[in-house]
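K.L.:
Now for the letters of each chain:
Number of protein chains: 6
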Amino acid sequence: MGKVVTLGEIMLRLSTQSGNRLVQSDSLQAHYGGGEANVAISLANYGHEVVFASKVPNTALGEAVRKHLWRYHVDTHYLLTGGKRLGTYYLETGIGERAASVIYDRAGSSFAEMKVLEWDLATLFDDVDIFHISGITPALSKPWQTMTLELMKQAKKAGCKVSFDCNYRSKLWSLKEAGQLFTQILPYVDYCSAGKLDAVNLLGISVDSDEELAFYYEKMQEHFPNIQLFYSTKRTVRSASANQLIGTLWYNHQYYESAIHEINPIVDRVGAGDAFAGGILHGVLEQMTPRATVDFATAAAALKHTVYGDCNQFSKEEVADFLICGSGKIIR
Amino acid sequence: MGKVVTLGEIMLRLSTQSGNRLVQSDSLQAHYGGGEANVAISLANYGHEVVFASKVPNTALGEAVRKHLWRYHVDTHYLLTGGKRLGTYYLETGIGERAASVIYDRAGSSFAEMKVLEWDLATLFDDVDIFHISGITPALSKPWQTMTLELMKQAKKAGCKVSFDCNYRSKLWSLKEAGQLFTQILPYVDYCSAGKLDAVNLLGISVDSDEELAFYYEKMQEHFPNIQLFYSTKRTVRSASANQLIGTLWYNHQYYESAIHEINPIVDRVGAGDAFAGGILHGVLEQMTPRATVDFATAAAALKHTVYGDCNQFSKEEVADFLICGSGKIIR
Amino acid sequence: MGKVVTLGEIMLRLSTQSGNRLVQSDSLQAHYGGGEANVAISLANYGHEVVFASKVPNTALGEAVRKHLWRYHVDTHYLLTGGKRLGTYYLETGIGERAASVIYDRAGSSFAEMKVLEWDLATLFDDVDIFHISGITPALSKPWQTMTLELMKQAKKAGCKVSFDCNYRSKLWSLKEAGQLFTQILPYVDYCSAGKLDAVNLLGISVDSDEELAFYYEKMQEHFPNIQLFYSTKRTVRSASANQLIGTLWYNHQYYESAIHEINPIVDRVGAGDAFAGGILHGVLEQMTPRATVDFATAAAALKHTVYGDCNQFSKEEVADFLICGSGKIIR
Amino acid sequence: MGKVVTLGEIMLRLSTQSGNRLVQSDSLQAHYGGGEANVAISLANYGHEVVFASKVPNTALGEAVRKHLWRYHVDTHYLLTGGKRLGTYYLETGIGERAASVIYDRAGSSFAEMKVLEWDLATLFDDVDIFHISGITPALSKPWQTMTLELMKQAKKAGCKVSFDCNYRSKLWSLKEAGQLFTQILPYVDYCSAGKLDAVNLLGISVDSDEELAFYYEKMQEHFPNIQLFYSTKRTVRSASANQLIGTLWYNHQYYESAIHEINPIVDRVGAGDAFAGGILHGVLEQMTPRATVDFATAAAALKHTVYGDCNQFSKEEVADFLICGSGKIIR
Amino acid sequence: MGKVVTLGEIMLRLSTQSGNRLVQSDSLQAHYGGGEANVAISLANYGHEVVFASKVPNTALGEAVRKHLWRYHVDTHYLLTGGKRLGTYYLETGIGERAASVIYDRAGSSFAEMKVLEWDLATLFDDVDIFHISGITPALSKPWQTMTLELMKQAKKAGCKVSFDCNYRSKLWSLKEAGQLFTQILPYVDYCSAGKLDAVNLLGISVDSDEELAFYYEKMQEHFPNIQLFYSTKRTVRSASANQLIGTLWYNHQYYESAIHEINPIVDRVGAGDAFAGGILHGVLEQMTPRATVDFATAAAALKHTVYGDCNQFSKEEVADFLICGSGKIIR
Amino acid sequence: MGKVVTLGEIMLRLSTQSGNRLVQSDSLQAHYGGGEANVAISLANYGHEVVFASKVPNTALGEAVRKHLWRYHVDTHYLLTGGKRLGTYYLETGIGERAASVIYDRAGSSFAEMKVLEWDLATLFDDVDIFHISGITPALSKPWQTMTLELMKQAKKAGCKVSFDCNYRSKLWSLKEAGQLFTQILPYVDYCSAGKLDAVNLLGISVDSDEELAFYYEKMQEHFPNIQLFYSTKRTVRSASANQLIGTLWYNHQYYESAIHEINPIVDRVGAGDAFAGGILHGVLEQMTPRATVDFATAAAALKHTVYGDCNQFSKEEVADFLICGSGKIIR
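Residue numbers (the working numbering), protein chains in the order written: chain A, 44 to 375; chain B, 44 to 375; chain C, 44 to 375; chain D, 44 to 375; chain E, 44 to 375; chain F, 44 to 375.
Chain A extracted, bound-state conformation:
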């Protein structure tokens, strides 16, 4: 078992019940989640020692975040309290042909407003195997661009491997701004979740329409030879209720694809990418083969679609069983 630190924003998600639009909704489901928090929970579920570092307001909502993390045995000693508010977003759940729709209300959050790294960096990375962070964090503010870079440097100095999920969000910053920062931080990264669009738009790799994902992984590694592992999911959206999902992994100049998962119906797809990332990092920590890793991670991502909430609700034994008999037969 390994020790992992993830760091990022965690938000309150308020979502509608399937079949109702937001304007029709008298009640909203409350979930707490965020990319790095979701990865933390996945890894804690698999038995690793996981710290989630963030900042939440000193209110019942901040307390709810803490209890949410505790529930999955994530260490919250680096969960700071203070600042003005918890970032929030509204999710109108999609169904069939109608897509889900999101309204962000995250500006001014306790985490986004941070100007300096308030954690004790001297201890944060002690004995830590992997530090995981996503591209959403530097997108939050100029200071967060600087702080993200600083965190990566400190993590490397402490001997951690650095895991980074590009996760580009056009609502938060421009391609140009993101590309510039990514170029600065990717030299510190060991494991990287990125797709074709990231390669082309952010890292300036030229499009070759004949080429598949493996080609872009190869090109990205040429640019950043320090990165040992690339991974991402390929999702074919048939409708809001039915998606096809394939996991991909690139390691040691080799490209791997998982079995194909036809997911139908989808209960809740938020956090599926994080469940995939969590599965990949678990494979790394457990020194599983690349093939076993991508299969495990994709199974975890597929299972995530079958439960409400942002976070993976499955143990490593359950994911493994699902890989063997994932048929939908009753388990008695």
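Simulated from the structure, these hints should not be mistaken for lab results. One thing to keep in mind: the hints can contain errors.
In silico DSS-like cross-links for lysine-lysine, where the CA-CA straight-line distance does not exceed 25 Å [claimed, not checked]:
hint	chain 1	residue 1	chain 2	residue 2
1	D	LYS46	B	LYS127
2	E	LYS359	B	LYS359
3	C	LYS127	F	LYS214
4	D	LYS239	B	LYS127
5	E	LYS359	B	LYS110
6	D	LYS214	C	LYS110
7	F	LYS110	A	LYS359
8	F	LYS127	C	LYS185
9	A	LYS127	E	LYS185
10	E	LYS46	B	LYS110
11	E	LYS158	A	LYS127
12	C	LYS196	C	LYS219
13	F	LYS158	C	LYS127
14	A	LYS158	E	LYS127
15	F	LYS277	F	LYS214
16	E	LYS127	A	LYS185
17	A	LYS214	A	LYS199
18	C	LYS158	F	LYS110
19	A	LYS46	F	LYS110
20	F	LYS127	C	LYS127
21	C	LYS359	B	LYS214
22	C	LYS185	C	LYS219
23	F	LYS200	A	LYS110
24	E	LYS127	A	LYS127
25	E	LYS110	B	LYS46
26	F	LYS185	F	LYS200
Dock chains B, C, D, E and F against the given chain A, drawing on the hints supplied.
P.N.:
This is chains B, C, D, E and F only, laid out in the frame that chain A set:
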């Protein structure tokens, strides 16, 4: 933007939650709707000025109808109060192979019991572009047959276009009775929703098994050259949860079909035809091309299947966006 | 109309709402059911006079069982009260790729702990046409093996036909133990639900990989010439939400298969086999043809998948209508 | 144990959840009940053999009524099917200072529209100890006035005791009309639920402001010496959530009052009077003392206030235990 | 009937279900409300022509606000769209000894961030009888202090009466800041909701411990002889579930008190003060006597406690009926 | 802050929603709790380091227990997995005059079936300040009597203070058996929750009808001079919805009583005694005065009544605030 009057009965629908039969149900969902009311709401959503004329009892149920219409900005100055009861129906929601099942309890309603036109007809059609009514209204009683004809005449006199949705219901009257009335009123109609069965059964057009819907539209126009526009949906019922939907339009001797919508799962199909009619009338009012009109209307009908309740919950911008990207991808 | 006695355990089922795992669930749905009780309810729904014999604790849970049976007009004069507890099981509902999962908590129940036949056997089988019991009952304990045999003998003596559903459960006893008992009791059986696995594993019929179910039915009858009827369903599990279902029947050296049912989505598949058995016994009691019987029974089983709870909620008229128009179209 | 027939209308009640007005309500709770049906269920709960005679439509709603009665082991052999609709009413639940509010939608029901006694009167009262009916039944129509009288005569002829609950409803008929009928039918009545207002308004007993209920009971018996027993509850409405309840009984020129029950909060007061009547008739059937009878009946009525739905959910043992320890302490 | 404009912020309220703390809550109830919006809805319920002026974001949440107002027939022509977010607050519902608890998350809202009066002031007050605004609006920002004053001046210029509810909130600004502004704006006010604390803390009236509310009303009028009417409620909090409520009114040197309302249980007390203000302004518009006005307003406030949501759900007829028979008896 | 170990059984509670009997309930609320687990959660909420030792089955229900404890930051390193089932009980929630009712289904649980102390006793009490256990544990079995004594001895040897809550349950063992064991174990106890009935029935102190609780505390200490602290609540049950609660403490020959709490309505009283015990032990650990301790503990117990579930949901700051302003006023 145009001005529209629709007139008809609005009922309380009491429906089960999916997966429960009516006899198992301890609670029922309450919705208010009716063909003409649903068309009114669609058009109000698209920004038109819409009046819904009807009659409801002077009880909390009548008040609930009024507030339902207000919620969508439908004008209720011609919503009369009085009479004995609100028409009601019970809907046992279908799922998969099991069809939905309806119990009507509409006899004796305030609207159905009307004997004279209690609205101020001198003002009702002032500056109105379209008057919309359906074949359910004359099916309610003998007086309503006379009153429907009278309304159409008054509307025409006031310079309105008349829109009519055949909507034959065998539980309310015979084919013969309906056919006789339709023959009397169709000469006043400008826009008509009718299908193959209406043509054959009600208007006495002889079946030609080799022919498609376009043929019948053509034939119907030969009979009623005053009708500028025919429209209806073609629905293929795969199961109670999965339908295929195609919208059709006949205009100026030309037949148009929308793209095919595979609707799966269906949240609630009640009111989808009204959403289609609302979309067609919106195209007419906005002078959209026939192709744009049928695409818009079919998109509106498809979206209706994804929300609970009888009425369309989408603005014209949302329908238009769905036409472009209706893939089921998350809209962030 | 016939008179039927079924006898077995009835349990409390506590199930999650779809999309939630058991550990996430703050509330659980409560249903009461068991193989023989479910068959009893099906047959009572079809108008037969049905007695369900069992034993439940003298608590509100036992009372809830009684009222559940009463609700469907099942006679409870042979429902004993006493003993320590009601058998319970927890069902984590599956969805899509994720299978349902069951936790049994049935040991020590009032029924399982019975050591002697506490019912008045002199009257239990009076004027009874069919006595139905399943292979779960003798699996509960050594005394229940003896008592099952005794019940069958008494039933035969009273002139009843005996119906037996093999229903082998590996969690309760070994193949060997079950096979030994089945060999003893099958000579008393008239109607038998059994599949290929039962034939091979329990009755020692050697596998012939080229052969289909009809072959095994033939072989089983060679061993037990007293059995007039074999039946079972063939289920293809596409996912926890989509199954294909075919009913089979073997009678008078003839093999029958129902039409194919594609069930999607599945609301609740628990009790579908019992609904099938109920339909078969109804066909027998009503002297329907084998083809009509297997079609009716499969339709009943398919409908069962569309409602929550263990028991069939449909009258014989509703099943018959479904056979004719089971298209998923609205029934107005 | 005795045998009882009750006869009357049973309706669907659609009620709001506490704290919501009807116009705000997206879902309504469905319960089935009626005065005579509620009395039937109480007596069946206490172990008596009870028949409920009525008429319901041949729809799922009629079937729901039947299953509701079956659930409590009420015999439905005299529950006819036919006619047009099930009587319905809407209940906006009150709370605190805000009173509950009722909208009746019962006109034209299968029962109210009956013109002749469609039951087999030759068998209906066979071996029956008590026939119970209320003043709501003759209030439904002129034919029902005649039929009520006829039923009472037939019951008396068959040797039944007749129980009558005045239950005057000003929305259904005038005081004068009711008074005239009551004068005709009371000579056939053995047990009568009536209060001061009934005595004064319906039976023409002159008001004496110094006198209490006992005085009026005495006077009523002077008019109708055939009546052995008068009973009713005295309810002090503190608010919609808090009522004081006292049961009264007059027997053999003696007046009895139960202990005082302070009921707070009230879950659902509909049917409390019927629970009281059920308790009184149970005392009569079991030949309990007048004091024991009124205490039992009042306890039953008090308990009814603590559960949702029209009908008493308690066995005679539970009512008896409540009389002893009705303190609100946990029963472990 | 009069014409009224109210102007202020409207927020999304997310509240827990009674008996659950915020940290325990998986779902939250969504309501929309704000002091001035709630007053607008009350007056629209009573039949007045009411405009609510505000600003909401151009999202589904802004649309939900608009539909909420439409539902009660409030005119939204002056409801602007734009800005960044909808102000939000979280309400942990109290019960018994445990108080409700509020977390505000309103900073940065579309309304609070306004810097200039974006409405067309030339038309806003046309033919308007009363302009109503509260002390929360100037508390939002420095610009809002200036804009509040400006609005009052414009309203007076247009011939409106100005209604002002002090509503001091210590979380938003200091007593000193509020006192200074109030001194500037009260000379423009005709009807003023203020209590003893407002008099002492904001307007510098010295405390006289022997004196009651009437004394302070008198003193306030000495300072601001332009104010014709003072009003407020006196609330005695027995617990979060039980309050005593008395309405007070000061007019023409006369002090009036309503009957005492004991409110138990409380469903939702948010908006009760606004319901009171709405009742007072209705009395003014209808030229009711001061006594009738304070009784009506207090009854409206008491009724508000019995329904979920911020807004009064009662018509003037319902409030009037409640004044007569507000006993909690069933209204049939 | 201190370190505490509590040890005992934790069960699944399945409870009805208020106003529904168990037989009416289609869904049940699931909560996890037990005396010692509840005390553990209270103390963890107050910031202490708390270990809960127990044994649960290796199923999703055992996992749910673990996540429940994690949610409140209780250490589960000594929560063993194994055995056959999780103890369960059914709670029919009481309301008003109707008492709650409990059905236990706890026999054969993983914890109750333990025969030896499977925890590592060498480490369990390391650096632990208080070991807390209740009288339910030795009531489970003969082996548990021996093991309870052994645990206390080991705890004392390790330097822990021992806290014991008598909690006599007549369903589990006789007074005689309990009395004998209590006499053996009380010499090891430092803090003891016991009431008058415990003193008289279990410890053989003779009744003196003139004497109050303080007298019995004094007498008990004479018998067990090692016990430093006695405590318990005095509860007056007005109804299932309204109780009066007073906390009592005896320390250093001095008797203390808290302020009186009138609790109305009661949301959920299960676990209130444990919340009281948790408050007392917090006072001990924090060296609060006896008066402050009993006030804090009683406030915690009162607050527990206002939330669903067995466990206290309040931090020490929230309890302290409630002591100051516990009025039911909104906290903004």
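K.L.:
A separate judgement is required for each hint: does it hold in the structure or not?
P.N.:
Here's how the hints hold up against the structure:
no.: 1; hint: D:LYS46 x B:LYS127; result: violated (40 Å)
no.: 2; hint: E:LYS359 x B:LYS359; result: violated (37 Å)
no.: 3; hint: C:LYS127 x F:LYS214; result: holds (13 Å)
no.: 4; hint: D:LYS239 x B:LYS127; result: violated (33 Å)
no.: 5; hint: E:LYS359 x B:LYS110; result: holds (16 Å)
no.: 6; hint: D:LYS214 x C:LYS110; result: violated (36 Å)
no.: 7; hint: F:LYS110 x A:LYS359; result: holds (16 Å)
no.: 8; hint: F:LYS127 x C:LYS185; result: holds (20 Å)
no.: 9; hint: A:LYS127 x E:LYS185; result: holds (20 Å)
no.: 10; hint: E:LYS46 x B:LYS110; result: holds (20 Å)
no.: 11; hint: E:LYS158 x A:LYS127; result: holds (22 Å)
no.: 12; hint: C:LYS196 x C:LYS219; result: holds (23 Å)
no.: 13; hint: F:LYS158 x C:LYS127; result: holds (22 Å)
no.: 14; hint: A:LYS158 x E:LYS127; result: holds (22 Å)
no.: 15; hint: F:LYS277 x F:LYS214; result: holds (22 Å)
no.: 16; hint: E:LYS127 x A:LYS185; result: holds (20 Å)
no.: 17; hint: A:LYS214 x A:LYS199; result: violated (30 Å)
no.: 18; hint: C:LYS158 x F:LYS110; result: violated (40 Å)
no.: 19; hint: A:LYS46 x F:LYS110; result: holds (20 Å)
no.: 20; hint: F:LYS127 x C:LYS127; result: holds (17 Å)
no.: 21; hint: C:LYS359 x B:LYS214; result: holds (24 Å)
no.: 22; hint: C:LYS185 x C:LYS219; result: holds (14 Å)
no.: 23; hint: F:LYS200 x A:LYS110; result: violated (35 Å)
no.: 24; hint: E:LYS127 x A:LYS127; result: holds (17 Å)
no.: 25; hint: E:LYS110 x B:LYS46; result: holds (20 Å)
no.: 26; hint: F:LYS185 x F:LYS200; result: holds (23 Å)
Of the numbered hints stated above, those contradicted by the structure are hints 1, 2, 4, 6, 17, 18 and 23, listed in ascending order.
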